[in-house]
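We have chain A already, so just place chain B on it with the hints.
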Amino acid sequence: MELVLAIAIGALYAAGIYLILRRSIAKLIIGLALLSHGANLLIFTAAGLERGRPPLIPEGQTEAAMPIADPLPQALILTAIVIGFSVLAFALVLFLRAFQTVGGDDLDDMRTTDT
Amino acid sequence: MNLLVVSPILIPLTAAALGLMLWRWRRLQRLAGGIGAVAGFAAAVVLVATVWRERILVTELANWPAPYGIVLVADLLSSLLVLVSAGMGLLVTVYSFASTDKRREAFGYYPLFQVLIMGINGAFLTGDLFNLYVWFEVMLMASFVLLALGGERPQLEGAIKYVTLNLIASAIFLAAVGLTYGVAGTLNLADLGDKLAETDNPGLVTTLGVLYLIAFGVKAAVFPLFFWLPSSYHTPPVAVSAIFAALLTKVGVYSMVRVFTVLFLHEPEYTYHTLILTIGVLSMITGVLGAAVQSEFRRILAFHSISQIGYMVMGLGLFTPLALAGAIIYIVHHSVVKANLFLISGLVHRRQGSHELKKIGGVYLACPALGLLFLVTAMSLAGIPPFSGFFAKLALVQAGLEAEAYIAVAAALAVGLMTLYSMTKIWTQVFWEPAPEGVTDGAAFPDDPSAGPWGMVIPVAILAAMAVALGLGAEFMFRYAMAAAEQLLAPAEYIGAVLGRPS
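Protein chains in written order, with my numbering: chain A, 1 to 115; chain B, 1 to 503.
In isolation and in its complexed conformation, chain A is listed as follows (with noise of 0.2 angstroms):
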C-alpha cells in the first residue's frame, strides 16, 4: 500500500510542478492544488498506514492494544485541507482579478512589476 501511495504522490508533485512551471496562469492554479494534495497525502502516507485497527481501547482496559491507526495525521491533514481550499479560492480570485486587469493569461504579459 505504501508503494502504491508514494507512487501516487511522486506524481502528484511531478504534474503539479509541470503544471506550475507552464506559462497560464489557469495551469498555475491546477499546479498549485495538486501540490498541496500531494503534501497532504505524504503526511498520510510517512506517518504510517494502519488498516482495521482504530484506535479505540477495549473496555476494561487502559491501553490500546498496538498497533493502531494514528488519528493525528488525519487531523493535521483535515486542517491543512480547509487551509489549502481557502487559500485556493482566494487565489482563484486574485487570478480572475488579474485576468481581466491584464486582459490574458499569459504570465510573460504580467512582468511589469519585476526587476
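Careful, some of the hints might be misleading.
To be verified - Taking lysine to any residue and the SDA-like style, the derived pairs with C-alpha atoms no more than 20 angstroms apart in a straight line are:
| no. | chain 1 | residue 1 | chain 2 | residue 2 |
| --- | --- | --- | --- | --- |
| 1 | B | Lys-195 | A | Asp-70 |
| 2 | B | Lys-358 | A | Asp-114 |
| 3 | B | Lys-195 | A | Leu-72 |
Hints are computed from structural coordinates only; laboratory data are not their basis. Owing to the predicted nature of the structure, the values given are computational and were not obtained by experimental measurement.
Relative to the frame of chain A, chain B by itself:
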C-alpha cells in the same frame, strides 16, 4: 493557562472581529483597529517585562499537557519579537489613519491589518510545528489580501508572484511537517528537540533540516529564493509595504533560528552552518547589488531588504552567542529602520507625486526636517555610528572574526559600504538635487509647509528616534540580545520548561 502569553494573539483577534462586525461603519473600524493596536502594544510591553524577569513563560492551551496539547512559549527572543511586531503595528496603524484611502478602508483594511499582526504574533509564540504552519497561513492570507487590496494592475501582478511562491513554500513546509511526524511521532518543538537528537536515521533528519531551510528561506527571502520580494513589495500602498518589510521576512528568519537552535543540532559543523552562512553572504551581496541598479525609491528599499536578511542569516550561520545576539539586534534594528524608510518614501510621494528618483528632487530645500529624518534613518541602515545599525553590524563582525569566517566578515563590511551607496543615491536625487522641471514640491498642498499630516509624520519621527535610541542605548539592547542568544544556544532550558522538567 497564562493569559499574558495568549493576549498578543487574542487582542488582535478581538479587534479584527470587532472591525468586521462594524463593516459598514468605516470610522468605527478605524477605532477598533486603533484600540487593538494600542492594547496589543501594552500587552507586549508587559510580556517582555515579565519574561525578562522569569526568562520563559509556557502556557498549555486548554490545559492539555505538552507534548500532547499545543503550547505557547514566550522566551526572551519570542517576546522581544512580539514587542517589535506590536510596536510596528501601532505606528503603522497611526500612519495608515492619515494615508490609507477610503476605498481600502471600506474593504476591511484595519481588520486585515489586525489579522496580520495576530498571525505574526502566533508564529513567534507557538511551540508546535504544525501550529507554526497554521500561523504562517493566517499571516499569509492577511498579507495576500492586503497586498492585492485596491486591485491596481501592479498590485495584482505582484500578488500573483507573491502568492504562488509562498504557496509553494507552504507546501514544502507542510510536507516537511508530515515527514517530521513520521520520523519522530511528535510535532512539539521541545519534544522534537529531545527525539531528533537520538534518532536512528540521521540521513532523514538532515533532509528534513534542508526542507525547513528551503521553506523558511522562501519566507525570509534569502538567496536564491527571494524572487517574490522585489516584484511585489513596492506595489501596495506605502503603509502596507512598511509593515511587510518590517515583519514578514522576520518571521521566516525567526523560524529558521528556532528550528536550527532546537531541532537540528546533530551534526552542526558539517550540515547546516556552512550552508546557512553561505546563503547569508550570497543574500547580502545579491541584495545590495540588485538595489544598486534600481531607480525607484521603493524598489531600492525592497531589493535592499534581501541584503539585510543576509546579515541576520549570517548571525545564525556563525552560531556563537555573540553572532546570534548580533542577529537579534539586527532583526529589531532592521524592522525599525526599513519600515521607516518606506514610510518616508510615502511622505515624499505625497509631496511630489512619484516614487521614481528621476521625477523627484529638492525635498531638502522644501522641507529640511524630512531630509533630516531620512538622513538619520539611512545612516542607521548603512551602519554609521552612533545609530542602531552600527552596533548590530559590530557584533556580527566581531563574532565573524572570532569564528575566523573572514570571507563573511569582508562581505559584511563591503555590503555596508554598498548600502551607503544606495542611500546616497536616494539622498542626492530626492533631497539634494533641484526638483526636475515641471515638478513643484508640495504643489498639491500649497498652504501646507509642514512635512505632511501629523499622523504620517509622528510615526516617522518616532521610528527615527528609535534608530538613534537603539544606538545610544545599545548596552541595554545588547544585554537583552545576549541573554536571548544564550538562551537559544542552551535549548535544554526551553525543552525543560515546555515539558515541565526542572532544569
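Cross-check of the supplied hints:
| no. | hint | result |
| --- | --- | --- |
| 1 | B:Lys-195 - A:Asp-70 | holds, 18 angstroms |
| 2 | B:Lys-358 - A:Asp-114 | holds, 19 angstroms |
| 3 | B:Lys-195 - A:Leu-72 | holds, 18 angstroms |
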